[in-house]
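Order-wise, the sequence lines are chains Z and V. So the mapping is simple: the numbering used here equals the position in the first sequence, first residue as 1, plus 322. So the mapping is simple: the numbering used here equals the position in the second sequence, first residue as 1, plus 322.
Please note that a few of the clues may not be correct.
Just so you know, same-sequence chains aren't split out, so a pair can sit in one copy or run between any two.
Below, in silico cross-link-like pairs of lysine to any residue (SDA-like), each with a Cα-Cα straight-line distance of 25 Å or less [claimed, not checked]:
#1 K613 x V530
#2 K402 x P491
#3 K613 x M489
#4 K613 x G401
#5 K428 x N470
#6 K402 x N417
#7 K337 x A370
Calculated from the structure, these hints are not laboratory results.
There are 2 protein chains.
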Amino acid sequence: MRNCIGIDVGGTTIKFGLFREDGHLLEKWEIPTKTEGRKEKLYGDIAASVRQTLVGKGISRVNLAGIGVGIPGPVLPDGKISALVNLGLCDLNLNTELPEYLDGVKVRAVNDANAAALGELWQGGGKDYDSLVLLTLGTGLGCGIVENGRLVAGSFGMGGELGHIIMNPDEPEACNCGGHGCLEQYASATGIARMGRRYLESCDTASVMRGIGELTAKDVLDAAKAGDPLAMEAVESSMRYLGWAMAHVSHMTDPQCFVIGGGVSRAGRYLLDVICRHYESFIHIQKPQAKVCLATLGNDAGIYGAARLILSD
Amino acid sequence: MRNCIGIDVGGTTIKFGLFREDGHLLEKWEIPTKTEGRKEKLYGDIAASVRQTLVGKGISRVNLAGIGVGIPGPVLPDGKISALVNLGLCDLNLNTELPEYLDGVKVRAVNDANAAALGELWQGGGKDYDSLVLLTLGTGLGCGIVENGRLVAGSFGMGGELGHIIMNPDEPEACNCGGHGCLEQYASATGIARMGRRYLESCDTASVMRGIGELTAKDVLDAAKAGDPLAMEAVESSMRYLGWAMAHVSHMTDPQCFVIGGGVSRAGRYLLDVICRHYESFIHIQKPQAKVCLATLGNDAGIYGAARLILSD
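The following block holds chain Z by itself, in its conformation from the complex (with noise of 0.2 Å):
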């Protein structure tokens, strides 16, 4: 059985995870972010990395099917990614760049949060499924779309951009990317403590969340848990939004399951039960059958998600 490596490069650290092609990892490690704004420090950390590992396994290149890289920004359908502010780079093509640092060896980059959706489908939460929505639910909101096993990766790098559909234009507050009403203002942890505080501004109901000091989604969703009535009604609130973009999803890619990830979904049942009763009350054309359940990979979902992708491709 041959072996596949995946990759997740984020703004601090790059994860690695060797894995044989049924799936099971073999062995992960990460090495720091150091890109000092040059594309080929990048290049050649990720090879250095590689080459170690494979030399220390006696793993040959013949018995290495590729590389899948996930990265914190768009790819083009062509492999050509204009920037990765995050990393300080810009005018890159890990598909045909990588290669030449390792003897060209097949590279595939993927963006970071559609890796994760496919690792979800391979061997986490989604793996019963076919197609599945991954929704991270953290500092922002990620989101990735498999389509009968195939990613929906998008003709312009949009694919799958969730976070960013705008789901109140009336929102007073500005998101990061500029817009008014974005989904990640409301749903992303950021968006759930962000609720919590305008709840607790608008009136002067008694609440716990008003002994705390630098509010968390966490503090909203214990209080919520422990019947707050105000916690209560901003998670509602912030989730309302959350079932009625899912809702979307189900009238336009129409996928078996949703699978919820990110610190939020801590959670757990209490959220989806949330979740489940507002999608489904955005639907009528037919009675809602999508599932909704929980990643099980965390934030190793990328680097399953990344090898994944290429043995597909």
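Let chain Z serve as the given structure and place chain V on it in line with the hints.
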């Protein structure tokens, strides 16, 4: 070169197209739809008409790649069709049942709106693209999504059901589906006429629309083109919902192109300009890049797409 047949089953007629594999339409014809509530009657009529044409053209069974059939209802991935309400039929599977009437020829059923999208991609307004979304603005709002040359038909037959995404939950009137504020309630021909009436009723402003008895979408669009302020407001508010929904699509499947068809699309360039302006106003994470163009196959899109399906499947 082999041949293929595309069929579009409607409530009153069944349209047929005999194609060469390269997309050239050799002959088209139609017969009345007479199911008498029995699927066997439908299959028998289709088979007799196909056989007659093949014999007349001297085309042997071995030269027929297959038959694609567009039907007015959801088709599940395994070909099952639970109901065709307009035809009074239920529990069909054309993929497995129709071949019995035609010496085992390959048959693939497809939702008619999805078939039309594939048709426009093959030989119509989207001929230069791999990924497009067709929006058919007629009595209802039909939609089909093609991504990377492949139909996004969905897991539960809901792929491309954009007409029923809820854009405005505060809408007092109900949609046919039971929802409130579906896109179809604003951006279909019916929806545009409804918005025209709503604007007339909301004020006393002079408008050429006031003299018209049964106001149609064409009346509203013609008045708007002629500069009637109330009609222009009605068209703006209808097309704002359409542009907003198209922006949702761009953040999910990210097509190269939107193709606008159906009777409403006869309003041409004026309409496209209004749609584009609203579409672009809802995209902030990058410059909007999808083209917006007109459908070119009219009512033949369905037979083209059904025929194309059989070649790709």
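*For this structure, which hints from the list above don't hold up?*
1, 2
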